[in-house]
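K.L.:
For reference, the chains in residue letters:
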Amino acid sequence: MIEDHPRVGRLQKDAVTESIVLNMGPQHPSMHGVFHMQLELSGETILAARPVIGYLHRGIEKLAEHRTYAQCMVLVDRLDYISQYCNEWAYCRAIERLARIEVPERAEWLRTMYAELVRVTSHLMWFGSVGLDLGGWTPVIYAFIPRERIFDFFEATTGSRLMPNYLRFGGVKEDVDPAEMEALHAYLAKDLIDALDEFDGLVTGNEIFLSRQRGLAPMTVDQAHAWGVTGPMLRACGSTRDLRIDTPYGVYDRLDWESCTDTRGDALARYSVRMREMRESAKMALQCIERMPAGEVRTKVARVLRPPEGEVYVRHESTRGELGFHIVSDGSPKPYRFRVRSPAFMNVSSLPHLCAGAKISEFFAIFGGIDNVMAEIDR
Amino acid sequence: MNARIFLTQLLGALGLIVILGFNVIIMDWWERKLVGHIHRRPGPMHTGWHGILQPFADMLKMLSKEDIVPDRADRLFFWLGPAVAVVPAFMALAVLPLAPGFALADIGNGLFFVFAMQTIMPFGYTLIGWSGHNKWSLVGALRSAAQLISYEIPMLIVALGILLAAGSARLTDIVNAQSTVWYAVKQPIGLLIFFITAVAEMNRSPFDMPEAESELVAGIHTEYAGMKFGLVMMAEYTAMLVGSWMIVLLFLGGWHLWPLPPSPVWLVLKLYLVQSGIIWLRGTYLRLRVDTMMEMSWKYLIPASLANLMLVGVLATTFKGF
Amino acid sequence: MFGQGLLKGLSVTGRRMLGKTECDMYPYRKRVLPPKSRIFLSMRATPDGKALCNACLTCQQGCPDNVIRIEQDPEDRKRAVSFRVNSGRCTFCGICEENCPRHALTFTQDFERATFDKGTLTYALIADGTATGACVIVERTEPEHPASAEGGEDVG
Amino acid sequence: MGLIENAERPNFILTTIDTLLRWGRSHSLWWCNAGSACCSLEFAAMGGARYDMDRIGSGLVRASPRQSDVLLIPGPITKKMAPIFVRVYNQMPDPKWVIAMGSCAISGGAFRESYSMTRGADTVLPVDVYVPGCPVRPEALFYGLLKLRARVRGTSNIGLAHREPIYVPPDLPPEWEAEVREFLGEHEAC
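Each protein sequence line maps, in turn, to chains X, U, L and S. So for the first sequence, this note's numbering puts the first residue at 1336; every next one is plus one. So for the second sequence, this note's numbering puts the first residue at -2; every next one is plus one. So for the third sequence, this note's numbering puts the first residue at 172; every next one is plus one. So for the fourth sequence, this note's numbering puts the first residue at 12; every next one is plus one.
Only chain X is shown next, with the shape it has when bound in the complex:
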């Protein structure tokens, strides 16, 4: 409990002060969207934190019940707008399992490549916003340079920078131009790694950054499981849970890579796990480009898909953690129930526990480490 926290407890015993309630957000520069945090402060120390969500609740789960399965892809894109391909893939896997659709070999490779590329861009965005939260302006601008380059590839091959609507049930929309892949390969092999090295030089080794992150808001594996935390945050506590290994999908079992884990469980561990994941993802995307077989990219599926009656739950390692789609079909062209298990929502639920007893400026270091996307939390 918060009262048992050593720092808070001492503070309350020693001095009788009146706490102030500070409403952080929903319109606040570093709230990563419209997130509202009620902080109860004693001086600059946070006594209690109450997250308020729902400012971006657009009713995606309800809207999806009025759309055909193919039209839902538009909503799925906008669910977590930083890792679109992961969302689309998870949704496609759910429908493919429901309707028993086979996916061609090349399409699986393409999907894996796009998912890993988007993991890179998502983590780049996170890196930039961590820099912004901690008061630096440069990291975010630097992070956008490789991001723009990968977006160029997305746009040239799928037609949109952010909202691709590229994956289809039983494959992908269209094949990728080999020349584009060639250019991307050259970029990933050298320039991206150079950029990541530069980020390490700018932020990772910086003593100011280390002093703000080391030992901050530690979390044990048991706590993480209790709060439902998944993804890089869970792997930073020493767990090896990675759905890409535990429940293999795509071509992850055929790639040469390893899941990034850390045992310290603090904010710095979360940071280093994500930084290493970016390199691993770039490596995986490179392998995909090199070893991708030729062939079909799309199986023929009815334009208006009518999956048989039944329900399905698919787990997927999104950039933020375990993304789940629970879809109930009644045999009609529209889903009967469409439910999303959003990783960021579960991760944010650990926030009140993590930041009790922290300072205001520590709060942003903790908050940045969670890497939340409000659109996914509020849906």
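Hints were generated in silico from the structure; no laboratory data involved. One thing to keep in mind: the hints can contain errors.
Computed beta-carbon distance windows for the label pairs [as the list claims (entries may be wrong)]:
{"#": "1", "chain 1": "U", "residue 1": "I146", "chain 2": "X", "residue 2": "L1545", "range": "40 to 46 angstroms"}
{"#": "2", "chain 1": "U", "residue 1": "V84", "chain 2": "S", "residue 2": "T166", "range": "32 to 38 angstroms"}
{"#": "3", "chain 1": "X", "residue 1": "G1378", "chain 2": "U", "residue 2": "L60", "range": "34 to 40 angstroms"}
{"#": "4", "chain 1": "U", "residue 1": "I146", "chain 2": "X", "residue 2": "V1356", "range": "24 to 30 angstroms"}
{"#": "5", "chain 1": "X", "residue 1": "R1432", "chain 2": "U", "residue 2": "R69", "range": "56 to 62 angstroms"}
{"#": "6", "chain 1": "U", "residue 1": "L60", "chain 2": "X", "residue 2": "G1540", "range": "27 to 33 angstroms"}
{"#": "7", "chain 1": "U", "residue 1": "V265", "chain 2": "S", "residue 2": "D105", "range": "38 to 44 angstroms"}
{"#": "8", "chain 1": "S", "residue 1": "D105", "chain 2": "X", "residue 2": "V1356", "range": "26 to 32 angstroms"}
{"#": "9", "chain 1": "X", "residue 1": "H1560", "chain 2": "L", "residue 2": "N237", "range": "43 to 49 angstroms"}
Since the model is a prediction, treat every value here as computed from it, not as a measurement. Virtual Cβ for every residue (Gly too), placed ideally from N, Cα, C.
Position chains U, L and S against the provided structure of chain X, taking the given hints into account.
P.N.:
Then chains U, L and S, alone, in the frame of chain X:
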């Protein structure tokens, strides 16, 4: 008082105001340009030649913005805050020499006068933050007060080392004592400490706690709009000018640039180099945490500055002309 | 050694400060967007200005956001009297382009569509049965993809 | 005295000052980013190295609405968020402008039919420029900004009226009132 002296002083004061305004405009442009190039982007570009007219556009806009005073703000102090922050910085400029003997008032206690004026500035920041009736700016104001008070101590102790070595508190004498070797060479630890504390005194990144943008919306000036915000910005740039000027005078040899003849040009050059360095720091570093920053002052900088003072004292008594 | 990381950071930004900038200088130089990028919905037309659309309503029915409004000619059901697009609602998902059996719909790369008046965001691709200015003229008369021959409709 | 009395009939001094102020304003539009969803990423990209809106003097995204001129609405306005955006708009000093960025802010876009959405920013705020796209490309937003600059340059300061937001608070059940007031009251103190 003689009418002629009065007139000269008046003209000098007016000249200082002009210099002040000119500096704010130049620094506003230069900061955006330099930070832009650090970010690999060109910065202001299309408003005049390389965006040189950008500060004028900003100023015109701020002048014509609606002047909001929050409902429950303390109206008097809301007005007074920026003035209390600007005026001491401006007064400190009066004793800062530009060339040998060329200052509005080249007083014998110039060193202490500048520090005395700098001590008033946090009071202005605290007023700015407190009077707006806003929790963010209140937190910023308290941070500002704590930060500026705790960083003044090591700064003054280091300045005592200079006083010990130069044997005079008159700024012109201090500069002239560096005609061959700068105090930056003689007292490198002192320079380091003085530089850190000066950056902290100016509320510049990585010590910009009072206006931590990502934490406390806009910190102390959250409620300031229009030209009052412009005044707060002016206070910050002037504080930066005074701080860098002190660094140049105390450690970087003022108008001396050995082996070239002394000239105010060197002083201005050094002044803007130091300010560019401070902007470079802003483009590179993340913000320190507020309690780390306080710890840094009390645990490390104050003992280090005392050690520096002892060292300087021993050296100054041992070697003549140190 | 303490301070190493700080110096490293300074060296990174210092190098960048003296290096080249990355800017596109947008209003003065415009980047050529890739042909696949979906910016604004447009329609293909034959060189003599007739639209390829035969008012089959596939796009209108498939659109998730009710962007497309087609009015069929009451006498000739294969002819559209008007084809209006409300780009203020469009999510640029490309479903209409993908579904169009005659490949009549396409996307242009013209993105400079910001406006003061929301009403002007609705534009017509066909008005009074004739293709309007928003259309892209195609020189080729044969279908672009061999797959469209499956429909068995004569294109051209 | 004379200047103000004859404000109806602009004289030389007044028009010169006016031209100067219009120039200043149009070259120094600072943002208030009411960042909610996907489009704010593209807005951030516009501040990045490739597009760099600082070139035309709009590079400063002020965290406090008190110091900003343009309210950017880069995403959906939900019913829960509408009063807060109005509040942000009211906190900005005149003259101020609003840009609706993307389909969600123009009309509700993909979520138009949803129960929790307003149908566009113009149901809540007086919008000046609509930038279509989903999400809007950074260049397209840049073009929208240039459009807004043209409008600012063309808008005279003489007799510029304050524009009230259009927002009408919903009719809430009376039993909710105390709760809502308490909620808003907490914001008030902030």
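K.L.:
Looking only at beta-carbon atoms, does the pair H1560/X, N237/L fall within the given range of 43 to 49 angstroms?
P.N.:
Once the Cβ atoms are compared, 45 angstroms apart, the range 43 to 49 angstroms for N237/L and H1560/X holds.
K.L.:
Go ahead and decide if the range 32 to 38 angstroms is satisfied by the Cβ distance of V84/U to T166/S.
P.N.:
holds, 36 angstroms
K.L.:
Measuring from beta carbon to beta carbon, are V265/U and D105/S in 38 to 44 angstroms?
P.N.:
Taking Cβ atoms as reference, V265/U and D105/S lie about 40 angstroms apart, which means the hint holds.
K.L.:
Between D105/S and V1356/X, does the beta-carbon spacing fit 26 to 32 angstroms?
P.N.:
holds, 31 angstroms
K.L.:
Holds or violated: the 24 to 30 angstroms window for the beta-carbon distance between I146/U and V1356/X?
P.N.:
The hinted range 24 to 30 angstroms holds for I146/U and V1356/X, with Cβ atoms some 28 angstroms apart.
K.L.:
Kindly confirm whether 56 to 62 angstroms is satisfied by the beta carbon distance between R1432/X and R69/U.
P.N.:
Given about 59 angstroms between the Cβ atoms, the range holds.
K.L.:
Measuring from beta carbon to beta carbon, are G1378/X and L60/U in 34 to 40 angstroms?
P.N.:
holds, 38 angstroms
K.L.:
Note whether the CB distance of I146/U and L1545/X lies within 40 to 46 angstroms or breaks it.
P.N.:
Given about 27 angstroms between the Cβ atoms, the range is violated.
K.L.:
Starting from the hint 27 to 33 angstroms, judge whether the C-beta atoms of L60/U and G1540/X obey it.
P.N.:
For L60/U and G1540/X the Cβ distance comes to about 45 angstroms; the hint is violated.
Against the hints set out earlier in the document, violations occur for numbers 1, 6.
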